[in-house]
Structure formats: C-alpha cells, structure tokens
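Student: Could you build the full structure based on these sequences and the hints that come with them?
Protein chains in written order, with numbering that gives the first Met the number 0: chain B, 0 to 328; chain F, 0 to 328; chain D, 0 to 328; chain U, 0 to 328.
Bear in mind the hints are in silico, worked out from the structure with no lab data behind them.
All values derive from a computational prediction rather than experimental measurement.
Any given hint could turn out to be false.
The list cannot tell twin chains apart, which means a pair is met if one copy fits it or any two copies do.
Said to hold, decoys possible - Calculated cross-link-like contacts (lysine-lysine; reagent style BS3-like; alpha-carbon spacing at most 27 Å):
no.: 1; residue 1: Lys234; residue 2: Lys71
no.: 2; residue 1: Lys234; residue 2: Lys292
no.: 3; residue 1: Lys315; residue 2: Lys247
no.: 4; residue 1: Lys247; residue 2: Lys323
no.: 5; residue 1: Lys10; residue 2: Lys43
no.: 6; residue 1: Lys234; residue 2: Lys244
no.: 7; residue 1: Lys244; residue 2: Lys315
no.: 8; residue 1: Lys315; residue 2: Lys292
no.: 9; residue 1: Lys292; residue 2: Lys322
no.: 10; residue 1: Lys43; residue 2: Lys247
no.: 11; residue 1: Lys234; residue 2: Lys315
no.: 12; residue 1: Lys43; residue 2: Lys244
no.: 13; residue 1: Lys323; residue 2: Lys244
no.: 14; residue 1: Lys184; residue 2: Lys287
no.: 15; residue 1: Lys184; residue 2: Lys292
no.: 16; residue 1: Lys292; residue 2: Lys43
no.: 17; residue 1: Lys10; residue 2: Lys322
4 protein chains.
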Amino acid sequence: MFVHVVGRNDKGIIIRGAKAHMTGMVNSHEMLIMPTAALGEEDKDYAVSCAIPVDAPGILHIFGRQTNDDRKTEGEIDQGNARYGVVGGECLTVLENVFVPWDRVFMCGEFEFSGQLVERFACYHRQNYGGCKGGVSDIVIGATAAMADMSGYGNAAHVKEKINEMIHLAESLYACSIACSCEGKPTPAGSYYVDPLLANVGKHNVTRLIYDINRLAQDIGGGITATMPSESDLKSPEIGQYVEKYLKGVAGIPTEYRMRIGRLIENMTGGTALIESMHGAGSPQAQKIFYSKLANLEHKKSCALDIAGVPSDALKPVRDAAKKKPVKA
Amino acid sequence: MFVHVVGRNDKGIIIRGAKAHMTGMVNSHEMLIMPTAALGEEDKDYAVSCAIPVDAPGILHIFGRQTNDDRKTEGEIDQGNARYGVVGGECLTVLENVFVPWDRVFMCGEFEFSGQLVERFACYHRQNYGGCKGGVSDIVIGATAAMADMSGYGNAAHVKEKINEMIHLAESLYACSIACSCEGKPTPAGSYYVDPLLANVGKHNVTRLIYDINRLAQDIGGGITATMPSESDLKSPEIGQYVEKYLKGVAGIPTEYRMRIGRLIENMTGGTALIESMHGAGSPQAQKIFYSKLANLEHKKSCALDIAGVPSDALKPVRDAAKKKPVKA
Amino acid sequence: MFVHVVGRNDKGIIIRGAKAHMTGMVNSHEMLIMPTAALGEEDKDYAVSCAIPVDAPGILHIFGRQTNDDRKTEGEIDQGNARYGVVGGECLTVLENVFVPWDRVFMCGEFEFSGQLVERFACYHRQNYGGCKGGVSDIVIGATAAMADMSGYGNAAHVKEKINEMIHLAESLYACSIACSCEGKPTPAGSYYVDPLLANVGKHNVTRLIYDINRLAQDIGGGITATMPSESDLKSPEIGQYVEKYLKGVAGIPTEYRMRIGRLIENMTGGTALIESMHGAGSPQAQKIFYSKLANLEHKKSCALDIAGVPSDALKPVRDAAKKKPVKA
Amino acid sequence: MFVHVVGRNDKGIIIRGAKAHMTGMVNSHEMLIMPTAALGEEDKDYAVSCAIPVDAPGILHIFGRQTNDDRKTEGEIDQGNARYGVVGGECLTVLENVFVPWDRVFMCGEFEFSGQLVERFACYHRQNYGGCKGGVSDIVIGATAAMADMSGYGNAAHVKEKINEMIHLAESLYACSIACSCEGKPTPAGSYYVDPLLANVGKHNVTRLIYDINRLAQDIGGGITATMPSESDLKSPEIGQYVEKYLKGVAGIPTEYRMRIGRLIENMTGGTALIESMHGAGSPQAQKIFYSKLANLEHKKSCALDIAGVPSDALKPVRDAAKKKPVKA
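Tutor: Following this line, the structure appears as structure tokens:
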C-alpha cells in the first residue's frame with residue numbers, strides 16, 4: 000500500500016500508493032513523499048522521495064473526521080477554538096499513477112539510505128513536539144485558569160496546586176525540545192542535526208504528559224465542560240434566559256464567556272487532540288526502539304562494574320552465549 | 000440557583016431552581032430532588048427532597064451537548080457505540096415554580112439532616128463507579144485487543160504488556176467497589192451502608208485510572224482512530240474503494256469492521272467519556288475531603304509514636320497550640 | 000539448586016537444595032517445603048512438599064543483611080522501629096541431605112499438581128499483601144503526619160494534600176485484599192479460595208503504590224531523615240546540647256521524639272522495606288502473567304465487537320492464522 | 000537557629016548558629032555561609048554571607064548517619080559503591096561565636112538582597128541536578144542491566160522494556176539541565192544565569208523520576224538485593240561454599256560479582272540516595288512556589304481568551320474582587 004514507483008521514463012517517474020494521517024495536507028500547496036521504513040534491495044521501488052503539487056493529476060484526498068468536526072459548520076461557540084480551528088484536519092491521500100518529473104525526484108531506488116532518511120525525519124519531527132505541545136499546553140493551562148477564575152474557585156489551594164502541576168508538565172515538554180536542539184551537532188553538509196536520543200525522549204514525554212495535563216484541565220474545568228447546552232440554546236429567545244442564569248459564574252462575567260472557555264477546554268483536551276499527541280511524529284514504541292540503539296547501555300554497564308569493583312570483562316560469558324544463540328527481537 | 004422552596008400550602012410545596020449535569024433524565028419517568036450540601040438554618044428552604052414526574056408543569060430540560068453527538072443523527076459506523084449509544088446524555092433541568100404534593104415530599108426544611116443525606120447519597124453513588132467504569136473499561140480493553148488483532152500486531156510483546164496493564168487498572172477499579180460493599184454495615188433501618196472511606200477511594204481511582212486505561216487504548220488503537228474517513232466515504236461509490244483498500248488490516252477481515260472498532264475506541268476514550276469519569280458522582284476534591292474526616296489520622300499517629308518509642312501524649316503541645324489558634328481551611 | 004528428593008526408603012525421604020528469601024524462618028519452629036513452579040515428569044523429584052523442624056540435621060540458615068541491620072546492635076533510637084524491629088530478617092536456607100519421615104511428606108513425585116499448588120499458594124500470599132502493606136502504610140502515614148506536626152508544618156495545605164494522597168493509596172491496597180477475599184469461592188474441600196485475578200491485582204499494586212506512599216513520606220519527612228546525627232551524638236555529654244538545640248521542632252516536644260520519628264520514617268521507607276514490597280509474594284511480572292490467563296480477554300473482545308456492530312466471528316481469521324503459526328512467548 | 004551576626008569590630012564579624020544537611024563539608028577546606036530566605040529589616044543580622052575555613056575556632060561538625068554507613072567500616076563488597084563511596088556524608092555544622100575577618104565577608108546586613116541571593120543560588124543548584132542525578136541514574140541503569148545479564152534474564156522482553164523506561168526517565172532529567180542552561184541569559188556582570196523556571200522544573204522532576212528509576216532497578220534487581228548474605232558469609236571457610244553455590248547466576252560469572260552488583264543496586268536505590276534526590280537543592284514545594292511566580296499565568300489566560308473569542312478584559316471583575324479582598328497564601 001505504501002507509495003512506490005510503478006514506472007519511469009526519461010521525463011520522470013510514475014508512483015502509486017497512499018499516505019495516511021496527512022495533517023495540513025489540504026491547506027498546503029506541495030507535498031513531500033518519503034519512505035517510512037528502512038528498506039532492503041527487494042523493496043527498492045519503495046525507496047522514493049519527491050515533491051508534488053497536492054492537486055497533481057491522480058491525487059485524491061479523503062478528508063478524515065476529527066472529534067466534533069461537525070460543530071465547525073454551526074455557529075462559533077461550540078467549536079471551542081473559535082478563531083483558529085475552523086479549517087484543518089488530517090486526510091488519507093491516495094496517489095493513483097501520479098507522474099513526477101525528474102527534477103522533483105530526490106530519491107529513486109537508493110534503498111540503502113531510506114533508513115537514515117526516516118530516522119532523520121523522525122528525529123527532527125520529534126524535536127518540535129515539546130515546543131508544539133508545550134505551547135498548546137500553555138493555552139490549556141490558560142483556559143483552565145480562566146475557567147477557575149470565572150467559576151469563582153481560582154484561589155482554592157488545590158486548584159492552584161493543580162495549575163502549578165500543569166505548568167510543571169508543560170515546561171518538562173518544552174525542556175526536551177530545547178535540550179535536543181541545544182545538543183544538536185553540525186552534519187558535514189553544514190546543517191544541524193538534533194540529538195536523536197533527546198528528541199525521542201521529548202516526543203515520548205508528549206505521549207504521556209499531555210494526558211496528565213488534560214486530565215487536570217478537565218478536573219478544574221468541571222463537569223460543565225461535558226454537559227453544557229449548545230450555542231443555539233444560549234441564543235434561543237425562549238430558553239436562552241435559563242442557560243444565561245444557571246450557567247453563570249462569578250458576578251460581572253457574561254455566561255457566554257464561561258461557555259466559550261468551557262468549550263475550548265473540551266476541544267483541546269479530548270479526542271483528536273489526545274490521539275494526535277500520542278501518534279503524531281511516531282507512536283510511543285517507535286521512540287522506545289531508539290533508546291536501545293542510542294543509549295549506549297554497554298558503557299553504562301561497564302561504569303557500574305567498575306564502581307562495584309567487578310572486572311570490566313565480567314559480562315563476557317553473557318556476550319559469548321548471546322553470539323552463539325542470537326536473541327530474538 | 001439551587002432548587003429551593005418558594006411556597007407551601009396544605010396541598011404541597013412549590014419549588015424553583017435548577018439541577019445541572021442530569022444524566023439519564025430525559026430517559027426517565029421521575030426525578031428525585033435532593034439538597035447538594037450541608038446546610039445551616041439560614042438555608043432551610045434549600046433543605047428539600049421530593050419526587051416529581053420529569054414532565055410536570057414548570058419543568059424544562061435543556062439537553063447538553065456530548066462529544067460527537069451530531070454523529071448520532073448520521074449513519075451507524077461513526078457513532079462508535081453503534082448499538083446502544085444512540086440516545087442518552089445530560090441535561091440542565093430548570094424548575095420554574097413546580098408544585099409537589101405533600102405525599103411526594105421527603106424533606107422540607109430539616110436542614111440539620113441535609114449534610115448526612117448528601118454524604119450518604121454520594122457514597123452510594125461512588126460505590127458503583129468502580130463497577131460501572133470497570134465494566135466500561137472491559138469494553139475498552141476488548142475493543143483495543145480486537146483492534147490490535149485486526150491490525151496484525153495483537154501478539155507484539157509491548158501490545159500484550161499494555162493490555163495486561165489495562166486489565167490491571169480496570170480490575171483495580173472493580174476491587175474498590177467490591178471492597179466498599181463488602182465492608183458495608185447495616186443501618187438501624189436494616190439497609191446496608193457502604194464503607195464510606197473505601198467508596199470514596201474507589202471513585203477517586205476512577206478519576207485517574209480511566210485516563211491511563213484510555214491512554215493505552217489510544218496508544219494501541221493507533222493514529223487511525225483519529226484520522227479515519229467517514230462512513231459516507233467508505234460507502235461512496237467513487238472513493239469507497241480507496242478507503243476499503245488502504246485502511247485494510249489483516250487478510251480476511253473487512254475494512255468496515257476495523258473502522259467500527261476504531262470508532263468505538265474513539266468514542267469511549269475521549270471527551271465526554273473522560274469528563275464523566277472525572278466528575279460523575281463528585282469531583283476529585285470531593286473525595287479527598289472525606290479522607291481527612293474518615294481515615295482516623297490521629298490513631299495512625301499514635302501507632303507510629305508507640306513503635307518509635309515516643310510517649311503517646313507527645314503531640315499534645317501541637318494540639319494545644321491548634322486549639323488556641325484555629326487552623327484555617 | 001531447588002529442593003528435590005535425592006533418596007527415599009520405607010521410613011521417609013532425603014532432600015537437598017536451598018530455599019532463598021526466607022522471611023521469618025529464624026523465628027519459626029517448622030518450615031514448609033513446596034515446589035516453586037509447574038513441573039513436568041522429568042522434574043518429578045522436584046515435586047516435593049513436606050514439613051521439617053527448622054533445626055533438623057542437615058539444615059543451615061545463612062542470615063541475610065537488611066538495610067541498616069547493624070543499628071539493631073547499637074542503642075534504640077537509630078533503629079527506627081525501636082519496639083518491634085529488633086529481630087527478624089530473611090535467610091538463605093540450605094538443606095544438605097535432610098531426612099523427612101513419610102508422615103510429614105505431603106507431595107512426593109506428583110508433578111502434575113505442582114503448578115496448581117504454586118498458583119494456590121501464590122494467590123493466598125498475594126491476598127494478604129494489601130492488608131499487610133496497607134497496615135504498614137498506615138504507620139508510615141502516622142509517622143509522616145507526626146513528623147509534620149513536630150516540625151510545625153502539619154497544617155500546610157500541601158502537606159495535608161500529600162497525607163490525603165497517602166491515605167488514598169494505602170486504602171487502595173487494602174481494598175484489593177478485601178475484594179479478592181470477598182470474591183473468594185469455596186473449594187470442594189470446603190475451604191475458601193480467593194479470587195485469583197483480584198489477589199494478583201492487589202499484590203501488583205503493592206509493587207507500585209508503596210513507592211509512591213514512601214516517596215511522599217520522604218517528601219514531608221524532610222531532609223533531616225537522611226542527615227540526622229546518631230543517638231550517640233544526641234546523648235553525648237559534649238555535643239548532645241547542639242543536637243538538642245538545632246534539631247528542635249515545635250516548642251514543647253523533645254528533640255529526641257522528633258529524631259525517633261525521623262528514624263522510623265527512614266527505616267520504613269527505604270532499602271529492604273521497598274524491595275520486600277516489590278518481590279515478596281512474587282515479583283511484578285509473576286502477577287502480570289496471571290492477567291493474560293485469568294482476565295478472559297476473548298470475552299471482552301466479543302462484547303466490544305457486539306457494541307460496535309461487528310459480527311461475533313469477525314476475528315476468526317486472526318485465530319486461524321495463530322493456529323497455523325504458534326505464537327512465541 | 001540560623002547563622003547570624005552577634006558581634007562586629009574593625010577586624011571582622013562574629014557569627015553564631017548552625018547549618019544543617021552539609022554535604023561534602025567534612026571533605027572541604029572552606030565553607031560559604033549564605034542566608035536561606037528573603038529577609039526583612041528586622042532580620043538584618045541574618046543577612047550574612049562569608050567564607051570560613053571549615054576548621055576555624057568555634058566550629059563543630061556533627062556527622063550524620065547515612066543508610067548502611069556502618070558497612071563502610073567492614074570489608075568491601077557490602078558497601079555497594081566499593082570504589083568511591085567510602086568517605087562522604089552530610090553533617091550538622093555548629094558555629095559558636097566564629098570570627099570572620101572583613102576581607103572574607105561578602106554580605107553583612109544588606110537584607111534587601113538576601114531573597115535574590117537565595118533564589119540565584121537555588122536555581123544554579125537546581126540546574127545541576129538533572130546532570131548529577133541523570134549520571135547517577137546511568138550507573139543505576141548499568142548496574143540493573145548487568146544484574147539482569149548475570150542472572151540470565153537480560154533478554155526477557157519485559158526486562159528490556161523496563162530498562163528502556165529507565166533510560167527514558169534518566170534522559171528526561173538530563174534534558175532539563177541542558178535546557179535551563181541553554182536558555183540562560185548573561186547578567187550585567189557578564190556571568191550567565193540559568194533559566195530559573197526550567198531549572199526548577201528539572202529539580203522537581205528529580206524528586207519524582209528517581210523514585211521510578213529506582214523502583215524499576217529494584218524490580219529487575221530481584222529480591223536477592225534485599226536478602227543476600229554478607230561478604231563475611233561469602234568468604235567464610237565453612238559456609239562460603241553454599242553462598243557461592245546458591246547465589247550463582249549464569250555460568251562463567253563468579254557469584255561474588257553478582258553480589259557486588261546486587262549491593263550496588265541496594266546502595267543506590269534506597270534510603271539516603273532517595274531522600275537526597277528529594278530534598279537536595281530544595282524540597283519539592285520550594286520548586287512549586289517558583290512556578291506561580293515565573294510561569295506568566297496571566298499571559299496564558301489572555302491567549303486562551305483570545306482563541307475562544309472572549310474579550311481580553313473579561314477577567315477584570317475577578318481581578319477587581321481580588322484587589323478588594325487580598326488572597327491568603
């Protein structure tokens with residue numbers, strides 16, 4: 000199913016397959032095709048990288064559903080992200096015999112580099128997740144604190160403690176992005192490559208801490224974020240007065256404002272927002288695999304042996320046994 | 000805003016106010032009104048408990064929005080819970096001068112019992128949360144395991160480990176419901192009252208462990224649960240073939256089945272489902288308040304003093320100081 | 000190395016091998032020998048269960064070290080558990096050709112029952128862990144709260160919150176013991192057997208929550224629990240006055256009391272106490288293995304399929320494939 | 000009790016008081032005295048900073064006890080950290096009328112700078128905790144992996160998964176140290192000051208993640224780390240053969256090596272090592288206090304308001320109310 004070369008001539012190549020989970024595709028002019036795994040010679044047709052206009056002949060985008068996407072076609076309040084969330088989403092992009100001229104083909108058959116290309120792309124992508132989700136979390140924190148203020152419990156000790164906890168977690172995400180960037184090293188080409196171990200650590204923290212941040216947001220946000228009537232109810236000539244009266248928070252703040260913030264919390268802390276933090280830039284297990292490769296466990300063992308007064312070659316029998324009987328993954 | 004008595008005569012009472020977050024109200028025949036906090040004499044009009052038909056004159060139900068509720072009016076697949084999730088939801092119930100005859104009034108002004116009534120209701124409600132959400136989690140676990148099977152990674156070591164972890168968490172919830180029931184004691188009236196400390200512990204675990212269970216479900220469920228095209232796309236004469244082809248899991252299982260299970264995971268692990276676990280039967284802080292009251296901390300201190308060889312009255316200076324200067328909450 | 004039969008005659012059997020991690024052995028009159036795993040016919044000499052006086056000829060107990068065991072031979076304060084912690088500990092018990100008369104032999108070669116025997120023993124043992132460690136945690140909570148009182152911060156909001164959290168965790172452990180007992184079922188012999196799934200869930204929670212409880216105890220206990228001078232320093236004619244003066248907490252409480260409680264916290268929250276919670280009654284992975292066996296995952300899957308509107312035999316292709324290629328553990 | 004000025008003349012000042020938890024003091028030539036809190040004018044005698052030889056007249060060091068410190072006076076194996084752990088520990092340092100010449104006095108009465116001085120010191124100290132404990136954790140990881148190898152389960156899937164988790168947590172600590180350093184800014188004096196928010200985030204993570212890392216080390220390390228006989232038993236002519244035989248791991252690795260690594264795990268994962276991670280460079284609550292001050296919560300709120308379509312001054316009623324009735328801490 001992956002995109003692969005099905006034909007080539009002196010003008011260019013013809014490719015076929017599909018790309019899934021394409022965030023932002025429908026808002027873009029061009030797309031980049033890349034392999035998604037290390038490949039062997041038998042897969043060399045899949046070792047293809049190129050740039051194509053998103054509306055080139057043979058391309059079909061099937062837009063996915065996001066949580067509460069229907070609300071984007073109604074009024075404004077129930078969307079939550081009233082200002083910036085109207086468009087966007089993921090799609091399944093199908094490429095049916097798409098022609099790509101040679102001057103837009105960057106890889107075609109060089110399978111031996113595909114693993115490195117995937118790894119580089121993944122690490123750059125994971126680098127930015129702590130910045131992205133750290134920033135997203137700042138908004139969640141702000142919305143949560145605003146909801147607490149509007150509801151009259153912004154100064155309760157346990158609320159302040161939970162908001163501090165959210166700050167702690169969001170900054171932990173941010174720290175990982177900074178760290179893997181700061182520890183980046185220049186490549187021979189002059190561009191900088193992030194520290195791959197720390198980049199993976201950052202993304203992996205996103206797959207966990209976002210759930211804790213959002214749990215706390217839902218804790219402080221209150222049940223009202225899940226049971227609130229609709230914008231139509233609020234604006235209804237008949238029943239709007241009741242919504243206005245009974246969803247009111249502290250004096251002086253319109254009910255509508257509290258509803259808007261409640262909807263923003265609902266929007267940012269459930270469904271697609273969570274799953275995106277989990278799987279965007281690679282699923283959790285994809286990061287864990289890097290740890291075994293990059294963390295230099297043998298060096299850690301030898302330091303421990305030295306401190307404990309054990310000779311440095313003490314584990315040789317284990318290594319020898321492993322050589323005889325290769326370990327299954 | 001709380002429901003309170005605004006008039007009374009020899010036939011009955013007249014009440015006014017609102018009840019929020021009313022789960023199942025719109026599917027019920029009768030509703031029970033109860034106070035929501037311990038009350039003082041100045042609030043005795045709020046010490047009211049009675050039963051009323053949900054469609055009595057003066058009652059208005061404003062139905063709330065749930066995550067993805069719009070999908071219930073479309074086809075079947077995108078709902079997730081295709082069989083049993085069509086109706087239901089919470090509402091804001093407004094009571095505008097509703098008459099209740101005396102034979103349906105259970106409390107009217109006896110403010111000194113309102114605290115006990117609330118506490119009892121809360122503990123019974125919290126008792127059942129580990130059973131309810133334990134069972135809900137069993138479905139989430141089953142859906143997750145089915146998705147892993149359908150996608151071809153059901154036997155990966157990390158997937159099996161995560162499903163075991165989900166089982167561990169779900170059974171931990173269930174254990175709390177069993178324990179608080181088992182430790183229940185008969186009241187003078189003959190009915191049994193749950194152990195209130197353990198009932199609160201059970202509900203409090205729901206406010207946390209459900210998030211972990213659902214995080215793992217989204218981990219194993221994959222990004223596809225958030226980016227999947229709609230039922231209409233799958234059934235479209237034009238593009239259905241692509242959805243069919245590219246969302247396919249293991250051989251022999253129709254793409255539609257995999258989509259249905261993916262939608263079920265989406266439905267059960269985000270939005271309203273999470274917030275309901277957080278705030279249903281009382282918000283987290285409501286449980287924590289019980290711990291201070293019920294855990295007999297002074298006895299624990301005296302045991303520790305004894306074991307450490309400290310006289311049992313060693314903390315008297317602290318208690319004396321506390322008496323002089325009452326501690327602020 | 001496991002204990003096994005090396006000879007038999009008409010009077011009894013002769014066994015050899017070792018038992019490790021024997022808690023309480025040196026304070027007991029008799030020991031029970033049991034197999035430790037499911038066995039096949041080729042291991043039938045290891046299928047042996049019997050009772051032996053702990054000082055029978057051929058038995059050697061090699062007492063293990065516990066954290067800070069040396070302090071038990073000094074004065075009283077630095078032990079922490081001043082009253083009840085003097086004796087006790089684990090040992091490695093070696094059996095060198097120990098004779099056991101037939102009337103004290105309960106199993107000898109019936110390998111086909113060894114798995115069941117181990118499982119039963121393990122589940123009973125795991126049953127009691129939530130009670131045991133729940134109670135131990137009550138003392139840790141009491142000591143922590145006493146330390147906070149003695150140090151003058153017992154009423155700080157964050158301290159009270161953390162103590163409530165400790166209560167929550169300790170009661171969660173206790174709930175599991177109650178639940179697995181309550182759900183126990185009578186065996187044909189009339190004795191009751193605990194619910195094995197819930198018993199494992201309880202023990203597994205001990206391997207985690209004790210670490211959280213103890214972490215919070217160390218948080219509130221303060222750095223002083225790790226840097227405190229010795230009892231000898233406190234009682235020194237020369238420098239005792241400085242220890243007395245500078246480790247003083249609130250007015251009216253002798254420094255010695257605060258030191259005693261600090262030492263109790265140190266004693267109960269680190270080293271052997273932690274490792275015992277981790278591995279006593281079986282290591283964490285031993286519980287996880289039960290989950291796969293006992294949680295009826297196939298039933299959970301079929302419920303999920305039904306709710307999502309998927310036919311009940313939808314996973315047959317996966318099961319068929321599994322039959323063809325047996326899954327590796 | 001804090002160190003303060005009790006006399007001054009034209010040669011210098013005379014100070015009195017005590018410093019607690021002094022790590023490394025007994026291995027040092029000089030000590031730096033600093034205030035420990037923001038001070039008001041009434042406390043100006045406590046606003047003192049100076050350098051003193053650790054053996055100046057009037058100074059007394061009372062060495063504290065560490066977990067298993069007695070083992071340092073025995074043989075080598077039971078210490079765990081056989082090579083580098085022999086000396087070291089914390090002490091309570093008493094200053095009884097110690098004279099300090101003016102040229103070694105850096106602050107004397109300038110109370111208005113004491114808060115800033117404490118904050119700066121705390122943040123620099125917290126900066127290095129992720130590097131320190133990240134490195135310490137690398138040794139714990141190495142020891143754990145070596146123990147798994149020596150015991151024959153180094154290739155079990157759940158063991159590898161847990162070691163990867165330990166790596167994840169250790170690198171998360173390290174990332175915070177890098178990030179707060181990288182985001183450091185030059186002061187007018189030209190020296191660089193760390194980002195104080197991220198420095199606190201890093202230390203706060205140490206107070207948690209170390210417990211998780213060590214829990215996993217104890218999980219994989221096995222019960223043997225808590226029940227192992229002593230070095231004397233191993234070397235005993237009589238019973239050493241049994242220890243040798245029954246604590247043996249994989250073929251080819253001497254039992255002594257396995258015991259040494261087991262002792263290293265015991266040494267690094269319990270007692271003082273844990274408490275040091277908790278309270279060194281400031282207790283957890285000390286970091287949380289910084290979050291409220293440094294995280295710019297008002298800005299986060301205003302971003303959330305904007306995104307939700309709420310006017311930027313919507314929270315003015317809350318701020319106005321707060322001004323009227325000042326919030327209690």
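Student: Give a verdict on every hint.
Tutor: Status of each hint after checking the structure:
no.: 1; hint: Lys234 / Lys71; in the structure: both (17 Å within a copy, 23 Å between copies)
no.: 2; hint: Lys234 / Lys292; in the structure: neither (58 Å within a copy, 40 Å between copies)
no.: 3; hint: Lys315 / Lys247; in the structure: between (71 Å within a copy, 16 Å between copies)
no.: 4; hint: Lys247 / Lys323; in the structure: between (72 Å within a copy, 22 Å between copies)
no.: 5; hint: Lys10 / Lys43; in the structure: within (20 Å within a copy, 75 Å between copies)
no.: 6; hint: Lys234 / Lys244; in the structure: within (13 Å within a copy, 45 Å between copies)
no.: 7; hint: Lys244 / Lys315; in the structure: between (75 Å within a copy, 20 Å between copies)
no.: 8; hint: Lys315 / Lys292; in the structure: within (20 Å within a copy, 37 Å between copies)
no.: 9; hint: Lys292 / Lys322; in the structure: within (18 Å within a copy, 34 Å between copies)
no.: 10; hint: Lys43 / Lys247; in the structure: between (63 Å within a copy, 23 Å between copies)
no.: 11; hint: Lys234 / Lys315; in the structure: between (76 Å within a copy, 24 Å between copies)
no.: 12; hint: Lys43 / Lys244; in the structure: between (66 Å within a copy, 22 Å between copies)
no.: 13; hint: Lys323 / Lys244; in the structure: between (76 Å within a copy, 25 Å between copies)
no.: 14; hint: Lys184 / Lys287; in the structure: within (22 Å within a copy, 34 Å between copies)
no.: 15; hint: Lys184 / Lys292; in the structure: within (18 Å within a copy, 34 Å between copies)
no.: 16; hint: Lys292 / Lys43; in the structure: within (25 Å within a copy, 43 Å between copies)
no.: 17; hint: Lys10 / Lys322; in the structure: neither (50 Å within a copy, 50 Å between copies)
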